[in-house]
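**Student:** Chains as they are written, first to last, in the numbering used here: chain A, 1 to 111; chain B, 1 to 152.
Hints listed in this document are in silico derivations from the structure and should not be mistaken for laboratory results. Ideal Cβ placement from N, Cα and C applies to all residues, glycine included. Be aware that one or more of the hints could be misleading.
As the list claims (entries may be wrong) - Here chain B is said to cover these stretches of chain A; the calculated rule only asks that three of the stretch's residues, wherever they fall, bring their Cβ under 8 Å from a Cβ of chain B:
1) 13 to 22
2) 55 to 64
3) 91 to 97
Unchecked claim - So the derived label-pair ranges between C-beta atoms look like this:
4) A:73 with B:32: 46 to 54 Å
5) A:9 with B:122: 30 to 38 Å
6) B:86 with A:27: 25 to 33 Å
7) B:73 with A:96: 38 to 46 Å
8) B:123 with A:73: 41 to 49 Å
9) A:26 with B:93: 37 to 45 Å
10) B:86 with A:111: 32 to 40 Å
11) B:58 with A:95: 50 to 58 Å
12) A:30 with B:11: 20 to 28 Å
Chain residues, written in single-letter form:
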Amino acid sequence: MEVTSTQMKHCDLVKAVGRVDSFTAPQLAETFRAITDAGRFKIVFDMSDVEYMSSAGLRVLIDVQKTAKKWNRGELVLAAVNPQVYSAMELVGFVPLFRIMDNPTEAVGSF
Amino acid sequence: MAASSSSKRFPGRFESLEAIREFISEAAREAGLSDREVYAVKLAVDEACSNIIEHAYRGQSRGEIECQCAIDPDRLIIVLRDQGQRFDPASVPEPDLTTDLEARQTGGLGLYLMHRLVDDVRFESDESGNTLILVKRRPALPSPESSAEGDA
Numbered sequence: 001m002e003v004t005s006t007q008m009k010h011c012d013l014v015k016a017v018g019r020v021d022s023f024t025a026p027q028l029a030e031t032f033r034a035i036t037d038a039g040r041f042k043i044v045f046d047m048s049d050v051e052y053m054s055s056a057g058l059r060v061l062i063d064v065q066k067t068a069k070k071w072n073r074g075e076l077v078l079a080a081v082n083p084q085v086y087s088a089m090e091l092v093g094f095v096p097l098f099r100i101m102d103n104p105t106e107a108v109g110s111f
Numbered sequence: 001m002a003a004s005s006s007s008k009r010f011p012g013r014f015e016s017l018e019a020i021r022e023f024i025s026e027a028a029r030e031a032g033l034s035d036r037e038v039y040a041v042k043l044a045v046d047e048a049c050s051n052i053i054e055h056a057y058r059g060q061s062r063g064e065i066e067c068q069c070a071i072d073p074d075r076l077i078i079v080l081r082d083q084g085q086r087f088d089p090a091s092v093p094e095p096d097l098t099t100d101l102e103a104r105q106t107g108g109l110g111l112y113l114m115h116r117l118v119d120d121v122r123f124e125s126d127e128s129g130n131t132l133i134l135v136k137r138r139p140a141l142p143s144p145e146s147s148a149e150g151d152a
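Required output: the full structure, derived from the provided sequences and hints.
**Tutor:** Shown next, in the form of structure tokens:
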């Protein structure tokens, strides 16, 4: 998995490419942590190239969402979630906890 | 007797997960499962192995995970063996999937997913370690009569 982040005008955009599992999830968590530690809590996660995600990755998303939404200071928005990753999110009841948009540009524009 | 079977050992650490998923995907595809089912089996085995590495081997490279795949006429059987600490699935509380964000706990998700992704999950433990058996039903093969009808 490769992960990059870009600071935009109104939010931060995180993009991961590859597979998120128990081995790679800590690297993803670290990327989000660098953003929230800097006091920025409006984040878009571009998942268009995340072809696989286990519960280790799903846990990272929940942790980030909890941090971001605290005191209404922000939100983690997911974009372009692959159907199989979406199915796993549905199984564990995560879908209602996120705004999920079709494309990252639209998600960035929503802030 | 299984129509086809394969077995491989992997070091019990998170770096092995990708290779384990590839090994399992190959067997699942050979068993004729759809892309969606292959993904489900791969995810169930990943969750199982992540639990083995995290709990049975305490996150350290303390042993191996033996993966065995057997393709029966009507199902794919995956057997995972480790030599780690005994695991009692009953000790893991079922996650509450309906609480709001602040109260949402993420423990037990892997075990819950496993049960939802495959048709049967069985645990056995003894002094030598743990054995986990995952079963996924294969699509029924068309009978000769129905395939003849299909061709007509």
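**Student:** Each hint: holds or not?
**Tutor:** Going through the hints against the structure:
Counting residues of the region 13 to 22 of chain A whose C-beta lies closer than 8 Å to any C-beta of chain B gives 3; at least three are required, and the coverage claim holds. Counting residues of the region 55 to 64 of chain A whose CB lies closer than 8 Å to any CB of chain B gives 6, which reaches the minimum of 3, so the coverage claim holds. Given a C-beta distance limit of less than 8 Å, the hint that chain B covers the region 91 to 97 of chain A holds, as 4 residues qualify and 3 suffice. A hinted range of 46 to 54 Å holds for the C-beta pair residue 73 of chain A and residue 32 of chain B, which are about 50 Å apart.
Restraint check, residue 9 of chain A to residue 122 of chain B: a C-beta distance of roughly 54 Å breaks the suggested window 30 to 38 Å. The hint said 25 to 33 Å for the Cβ distance between residue 86 of chain B and residue 27 of chain A, and at roughly 31 Å that hint holds. As the Cβ distance of residue 73 of chain B to residue 96 of chain A is approximately 41 Å, the hint placing it in 38 to 46 Å holds. Take residue 123 of chain B and residue 73 of chain A: their Cβ atoms lie about 43 Å apart, and the range 41 to 49 Å holds.
For the hinted restraint 37 to 45 Å between residue 26 of chain A and residue 93 of chain B, the CB-CB distance of approximately 24 Å leaves it violated. The hinted window of 32 to 40 Å between residue 86 of chain B and residue 111 of chain A is violated, with their beta carbons roughly 49 Å apart. The beta-carbon spacing between residue 58 of chain B and residue 95 of chain A, approximately 33 Å, falls outside the hinted interval of 50 to 58 Å. In this structure the supplied range 20 to 28 Å holds for residue 30 of chain A paired with residue 11 of chain B, their Cβ-Cβ distance being about 24 Å.
In this structure, the earlier hints numbered 5, 9, 10 and 11 are contradicted, and the remaining ones agree with it.
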